[in-house]
Amino acid sequence: GNLTIATALNVTFQNELAVTGAFVQTDGGNTTRFEGVTTATSISVRAAQQVFAGSTIRATTGDLGIESDEIDFFGGTNSVQGSAQLVLRPYQSATTIDVGSPTPTGLLDISDVDINALQDGFAQIIIGRVEDGTGAMLIGSSTFRDNVAFHAGSITVESNTLVGQVLSSQESIEMTARSGGIITNDD
Numbered sequence: 001g002n003l004t005i006a007t008a009l010n011v012t013f014q015n016e017l018a019v020t021g022a023f024v025q026t027d028g029g030n031t032t033r034f035e036g037v038t039t040a041t042s043i044s045v046r047a048a049q050q051v052f053a054g055s056t057i058r059a060t061t062g063d064l065g066i067e068s069d070e071i072d073f074f075g076g077t078n079s080v081q082g083s084a085q086l087v088l089r090p091y092q093s094a095t096t097i098d099v100g101s102p103t104p105t106g107l108l109d110i111s112d113v114d115i116n117a118l119q120d121g122f123a124q125i126i127i128g129r130v131e132d133g134t135g136a137m138l139i140g141s142s143t144f145r146d147n148v149a150f151h152a153g154s155i156t157v158e159s160n161t162l163v164g165q166v167l168s169s170q171e172s173i174e175m176t177a178r179s180g181g182i183i184t185n186d187d
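Under my numbering, the residue at position 27 of the sequence shown is numbered 27, and the numbers go up by one with no gaps.
Note that these hints are calculated values from the structure, not bench results. Possibly wrong hints are sitting among the right ones.
To be verified - Now the in silico label distances, taken between C-beta atoms and shown as ranges:
#: 1; residue 1: Gly-1; residue 2: Ser-168; range: 14 to 20 Å
#: 2; residue 1: Glu-174; residue 2: Gly-29; range: 28 to 34 Å
#: 3; residue 1: Asn-78; residue 2: Ser-101; range: 15 to 21 Å
#: 4; residue 1: Ile-182; residue 2: Thr-20; range: 17 to 23 Å
#: 5; residue 1: Thr-134; residue 2: Arg-33; range: 38 to 44 Å
#: 6; residue 1: Gly-29; residue 2: Ser-179; range: 25 to 31 Å
#: 7; residue 1: Phe-74; residue 2: Asp-120; range: 17 to 23 Å
#: 8; residue 1: Ser-83; residue 2: Asn-2; range: 17 to 23 Å
#: 9; residue 1: Thr-143; residue 2: Thr-26; range: 29 to 35 Å
#: 10; residue 1: Thr-184; residue 2: Ala-6; range: 38 to 44 Å
#: 11; residue 1: Thr-143; residue 2: Phe-74; range: 17 to 23 Å
#: 12; residue 1: Gly-1; residue 2: Ser-179; range: 37 to 43 Å
#: 13; residue 1: Val-166; residue 2: Thr-60; range: 31 to 37 Å
If you're wondering where the values come from, they're calculated on a predicted model, not measured in any experiment. We put the beta carbon where it would ideally sit given N, CA and C, even for glycine.
With the hints as extra help, turn the sequences into a complete structure.
Written out as structure tokens, the structure reads:
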């Protein structure tokens with residue numbers, strides 16, 4: 001069956017979490033932590049301050065969506081798994097986002113460690129808020145193995161091809177700036 005958490009200030013799963021249906025957390029005031037292996041048909045987590053996965057997190061057939069102003073994947077290489085959409089979005093629409101290895105200036109940072117945790121096989125990776133993202137996004141050196149879409153108010157891509165710092169995907173890259181421009185800096 002499904003597991004739904006309507007609201008909670010802090011949620012911690014210290015051991016393995018295996019849900020035969022969907023796992024849904026509709027709202028969390030602070031943090032949600034997955035310390036052990038987490039598996040469900042689909043996963044949707046919303047927590048204001050942080051979502052932390054310290055081991056494998058797997059959506060077996062449906063989407064894996066995380067909405068928080070900080071997302072950390074510390075389960076190791078290929079520990080974030082699924083075959084549908086992976087949606088990583090900030091809790092607030094105006095939250096700034098850093099992706100890859102820029103100098104961290106954004107509130108939500110999808111670091112190289114987080115990107116390395118993404119196993120190849122997602123239908124699409126969506127970073128940002130599609131419908132109402134207004135915060136700035138800074139994308140640094142990062143490599144994705146699946147289709148990836150970036151959504152923010154404005155987007156700056158920092159790359160330095162001379163030292164091998166580039167944004168790349170083995171499939172496609174899509175960018176949408178809702179209120180500003182898309183700028184590519186090649187330093």
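For each hint, the structure was consulted:
no. : hint                         : in the structure
1   : Gly-1 x Ser-168: 14 to 20 Å  : 41 Å, violated
2   : Glu-174 x Gly-29: 28 to 34 Å : 33 Å, holds
3   : Asn-78 x Ser-101: 15 to 21 Å : 19 Å, holds
4   : Ile-182 x Thr-20: 17 to 23 Å : 42 Å, violated
5   : Thr-134 x Arg-33: 38 to 44 Å : 28 Å, violated
6   : Gly-29 x Ser-179: 25 to 31 Å : 28 Å, holds
7   : Phe-74 x Asp-120: 17 to 23 Å : 19 Å, holds
8   : Ser-83 x Asn-2: 17 to 23 Å   : 19 Å, holds
9   : Thr-143 x Thr-26: 29 to 35 Å : 33 Å, holds
10  : Thr-184 x Ala-6: 38 to 44 Å  : 43 Å, holds
11  : Thr-143 x Phe-74: 17 to 23 Å : 19 Å, holds
12  : Gly-1 x Ser-179: 37 to 43 Å  : 42 Å, holds
13  : Val-166 x Thr-60: 31 to 37 Å : 33 Å, holds
Comparing the model with each numbered hint stated earlier shows that hints 1, 4, 5 do not hold.
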